[in-house]
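The residues making up each chain are set out below.
2 protein chains.
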Amino acid sequence: MEPVSFPPLSRVAICGGTHGNEMSGVYMVREMQKQRADQAGSVSVTTVMSNPRAVEVCRRYVETDLNRCFTDALLSTPITESAPYELRRAQELNAQLGPKGSKQAVDMLCDLHNTTANMGTCLIMNCIDWVTLHIYKYIQSKMTSSPVRAILVENLSSEAYSLDSVGQHGFSIEVGPQPTGVVRADIFNMVKEAVDLTIEWLQGFNSGRTYEGGEVEAYTFVKSVDYPRDPTTKEITAAVHPQLQDNDFKLLRPGDPMFLTFSGETVKHEGEELYPFFVNECAYYEKKIAFHLAKKITLTVPSISVKKD
Amino acid sequence: MEPVSFPPLSRVAICGGTHGNEMSGVYMVREMQKQRADQAGSVSVTTVMSNPRAVEVCRRYVETDLNRCFTDALLSTPITESAPYELRRAQELNAQLGPKGSKQAVDMLCDLHNTTANMGTCLIMNCIDWVTLHIYKYIQSKMTSSPVRAILVENLSSEAYSLDSVGQHGFSIEVGPQPTGVVRADIFNMVKEAVDLTIEWLQGFNSGRTYEGGEVEAYTFVKSVDYPRDPTTKEITAAVHPQLQDNDFKLLRPGDPMFLTFSGETVKHEGEELYPFFVNECAYYEKKIAFHLAKKITLTVPSISVKKD
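Chains as they are written, first to last, in our numbering: chain Y, 1 to 309; chain E, 1 to 309.
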């Protein structure tokens, strides 16, 4: 593949507390603000506490999930008296860090998340973007404290609903397992290492370094699976099976145990072989998702370097 | 020691959802109600969803922590318009399962809890009670899926604030680690096994079996330790150290790492050797508790059997 060049990537935003009870990002942003880490060589760093009201009460959100508010449609909705807080906050963030889809938007937006699932370090991306895939490749090659994976949730930019879609480039860093409302030192250090490596990569890129291409693996979303439920009460009647629990990204084959009902019966997977992720994520109970299933793909990434003036 | 005899223990209450986001108890009570498990041989079983409003919104509590409302003083407080929901609910539960300190109270009250700490299965008791210590000894001898420990939080009965203090005998079953808002099959099964063994013990007791005495170990509360905090903002500035995280009940010696600050410094334990528990429990952030410290004691328990008419 031909090498590809991009303009310098000098403005990065590091956002935390987009979900107010995912504590690594909250403490990471507070620590960076305390350290006044607003310039790292060629890279200017903006740190943002995305949903301060949700952080204040230590909940995912106050009125609606902020990280579903960044579609073009929602960002252009007129704000009425009855608009949920998070919709107003999304438009504020879009004004500060975007506008989404414009050249004024930050060059790189990195949004920090935690999950109760045993996912290690994941970079979640809305599209195939050589810059973010190179950062993924770089983090994966340097990080030793956890496995590093990429998840591709392909959305048209206009329909991408997550905060990271506001940057010209962007991704979410999703690290787990960590209970909501809790900060674990090991998980905090994984988030910190991923952020430090992202900034290090950007500095290298801006200084003229060529990053060699190659193959990378990514997981692409196929479908979601709900918990078994009581037909009348709609309450869940089973937990994720112990053989699936904590085994995110381990291939789920037909016949493999998927759920264990509260009365002790095993429910098995039917259909094609797929990779589970976000297994037993706390916030997905209300979304009626026990886990997602993905395919694994291989992408060939070209070498990239900064565009010379 | 002389053998001790007690009247039959025929009325047991199994309570869940006292904290609305501790899911094992919620699903355990729902499952028992579905199975109509209201009579188990000689034992009549009452199942109670203690805080249905908190369960509904999947939070620990709605207005105040229900499991701090069962002191004599709070149970006799007149209920005004402005009384928190949980205080009203505590008095309802006391009317249903107590009154606390009376002979009408259920013979045994078993309250189901989860923690984000790696505590395995713990029986938490308000006083030295041969019946509950025997049940602990029995569960410990039968259960293989997790370590089983007893925690003694000595309170005068009048000042005991937890729901289990309403029964003539009672204890909380605290099982972890499990994130709030999440049900894990392994943790659910540990809770179920402990409940089943409790009922089995009561049946054996009522049928005239003598349970042999012996020595049991228990942990007694000494003090709590808060997180390091910023003197100005009062925000926490450190997480529990990776060497302490998940090591509940492993002796903490002077010089052992206790916290890791977000800027990377280690804070060490000073003072006497003690056993940490409730390490990094989610709900204790607001109570300003990073973990509790305990002493280990050995208790000699007499043989016990049912009082013959």
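By construction, these hints were calculated from the structure, which means they are not laboratory data.
Be aware that a few hints might be false.
Unchecked claim - Derived pair list, reagent style BS3-like, types lysine-lysine, alpha-carbon separation capped at 30 Å: (1) E:Lys268 x Y:Lys287; (2) Y:Lys268 x E:Lys192; (3) Y:Lys287 x Y:Lys192; (4) Y:Lys223 x Y:Lys103; (5) Y:Lys287 x Y:Lys250; (6) E:Lys288 x Y:Lys192; (7) E:Lys307 x Y:Lys288; (8) E:Lys192 x Y:Lys250; (9) E:Lys268 x Y:Lys34; (10) Y:Lys234 x E:Lys103; (11) Y:Lys192 x E:Lys250; (12) Y:Lys288 x E:Lys250; (13) E:Lys268 x Y:Lys192; (14) E:Lys192 x Y:Lys192; (15) Y:Lys287 x E:Lys192; (16) E:Lys268 x Y:Lys268; (17) Y:Lys192 x E:Lys287; (18) E:Lys34 x Y:Lys234; (19) Y:Lys34 x E:Lys34; (20) E:Lys287 x Y:Lys34; (21) E:Lys192 x Y:Lys34.
(message) Which constraints among the numbered hints does this structure fail? Numbers only, ascending.
(response) 1, 4, 7, 10, 12, 14, 16, 19 and 21
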